[in-house]
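The lines below spell out each chain.
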Amino acid sequence: MRELLRRVLLTAGFLAAAWYFWYTPATIIGARVLDLEGEYQARVARRYVTPQSNAPAKPAGSSFVRNHSNPGSPQRYRQHVLESRPLPHELSLPASWVKSLQDAAMGNGPFVGRRHRNLVYFSADEAPLEAVASPLRKSLGLTGFVNAYMTVGTHDLEFLIFPEPRSSDAPSAVMYPQRALAIPWALGALALYALLGWPARKDVRYDPVPVAVLDVVAAGGAAFLWALPLRLAPSTAAAIGDPIGGPVWFWTIALLPVLALLSLARREAYGIVVTPEALRFRSLFRTRIIPFTDIQAAATETPDAIQSTITLQLRSGEKLRLPWAGMQGLLSLVDTLRRYGLLHAGPFSTS
Amino acid sequence: MLRCEECGTGNSPANLYCASCGAILDPPSRPDMRATQRFPAELRWETEIPLATDRFMLYDTAKVLLFSAMTVISVGSVIALLMGGASAPLAEWLLVFRIVGLVFVGIGVALLLVMLIFFGNRFPVRITLEPRGVRWEARSRRGKWANRTAIVAGLLTAKPGLMGAGLLAETRSTEGMRWKDIRRVRFHPQLCVISLMNSWRVVLRLHCPPTLYHQVCILIRTAAPHARLEGVVA
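In order, the protein sequence lines correspond to chains A and B.
Residue 1 is where the first sequence starts when you use my numbering, and the numbers rise one by one after that.
Residue 1001 is where the second sequence starts when you use my numbering, and the numbers rise one by one after that.
These are calculated hints, taken from the structure and not from any lab test.
Values in this document were obtained by computation on a predicted structure and should not be read as measured data.
Glycine residues also receive a C-beta, built at the ideal position from the N, C-alpha and C atoms.
Certain hints may be false.
[As the list claims (entries may be wrong)] Anything over 12 Å on all C-beta distances counts as not near chain B; from chain A, calculated:
no. : residue
1   : M1
2   : R2
3   : A124
4   : A180
5   : W185
6   : L187
7   : K202
8   : D207
9   : P210
10  : V248
11  : P276
12  : G326
13  : D335
[Unchecked claim] Residues on chain A that point at chain B, a partial pick, calculated with CB under 10 Å:
no. : residue
14  : P199
15  : Y206
16  : R231
17  : T252
18  : M327
19  : L333
20  : R339
Can you make the complete structure from the sequences, with help from the hints?
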């Protein structure tokens, strides 16, 4: 049971670590403080400069568009942008929050780690943005993201909502907010695996080193396959919300390494303790004691000339086959069987 | 009675190791054995080596993969630096490291699957100790079949790489080492495995049946008295 528990803890820890590593918020919001007048001067005004007389002639249509879409002034441009998709007027955000947003654009303040290019990213359920998220969600149709504007004090703000967080450029700190927990969970699982207690070194048992390596590989593989849909879907919520669309298939494949772990638990639990009076056989769920007086003979078996087992012939007629390939500590068992005069000649040929 | 040169304890003549301190009882301290032990004409056994559950197999596989990965990363880093300039050398190197790392992790997992699924985690071998040296022969029918299939498929599809891999594996299905070439011998009595090394690497690993282990140890020490002996009884 201890070997099963060891692997259950290892796998659970790795699954939790994979979950935390790839967990994303359901929705991400990007925000920035706008300088609409500056934007007008830099990007818009130049488009409406009257063409020089010696400039190449433009098609008539382009001058029509230019004349009818020209906002005319920075103030009208600002009004035009803010009214294009406004957030409800009753919403408000703390001035300190807006100040931090402004500072992030300058490369300082508490939101610096959340900035990428000109946007600062937040999870939609973070205060104080949960109020903004609701009207933004309503304006979402089939689009991947949508933006809206509001004015707080003298500052104009733009918000972009990303219902598929992985389509945004949000930094890891926002995209994967739980990632810092992944390593402690994985290390904790490994520590529990190692500290749960091991059979005595002198016991006859399978070599624990490759079994431990394979345990870690199998648990890691199971966690990877389990968490892969979380990475491939647009968000964690999307992956869990539509399990039949992909995750279930990965989770079914993830059962294969889990089966390998069960097999490894069975292998690791198997052992033989040599005592002065008897051999104690240990398996996953039970222990069997066979006194030396119950053993009639022991011999190495040679089916097809391959020597891979020692066979114990019991007085009851039962035969017990002990595989030795990959096992450690067999010399003490062989010496003991020889000492009791039970072991027959070796399985080798000399010529 | 044999006296241990390390601690002075008296040992049974049958002992290879001191019962008190575990030191190897050197052949010079066993004149009776040197004089009376005759090398048999041949000592042979067949056994099945576990693959994925054998620590030596995992260690050797990991060593080869790591060495190959480091070589590719080194070459790739130099190329990335030369092609990309010195604008972001760390970023270039990290990219190469990640790509090569992922590829080699994939190869490692694929090798594990081949060991477990194709070979059933067992590889039959025949080991022969003879007057000239040690011979190691692969006896896996699946292995032979895979090698020959690779050769034929490589020929038919005009892929020299595949054919070369099959030929290489086929030529390595029998290996040997002369007694005089053995420089070091490392005993792993806990696992009944003996590693035979030349001056810089392990050439052969002998997986012995537990009933035969002591006899193989004595034969190797008799046949290669010049080799440095390593390892103690656990």
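Results for each hint:
no., hint, result
1, M1, "22 Å, holds"
2, R2, "19 Å, holds"
3, A124, "31 Å, holds"
4, A180, "20 Å, holds"
5, W185, "21 Å, holds"
6, L187, "20 Å, holds"
7, K202, "8 Å, violated"
8, D207, "6 Å, violated"
9, P210, "5 Å, violated"
10, V248, "22 Å, holds"
11, P276, "18 Å, holds"
12, G326, "4 Å, violated"
13, D335, "9 Å, violated"
14, P199, "13 Å, violated"
15, Y206, "7 Å, holds"
16, R231, "14 Å, violated"
17, T252, "17 Å, violated"
18, M327, "8 Å, holds"
19, L333, "7 Å, holds"
20, R339, "12 Å, violated"
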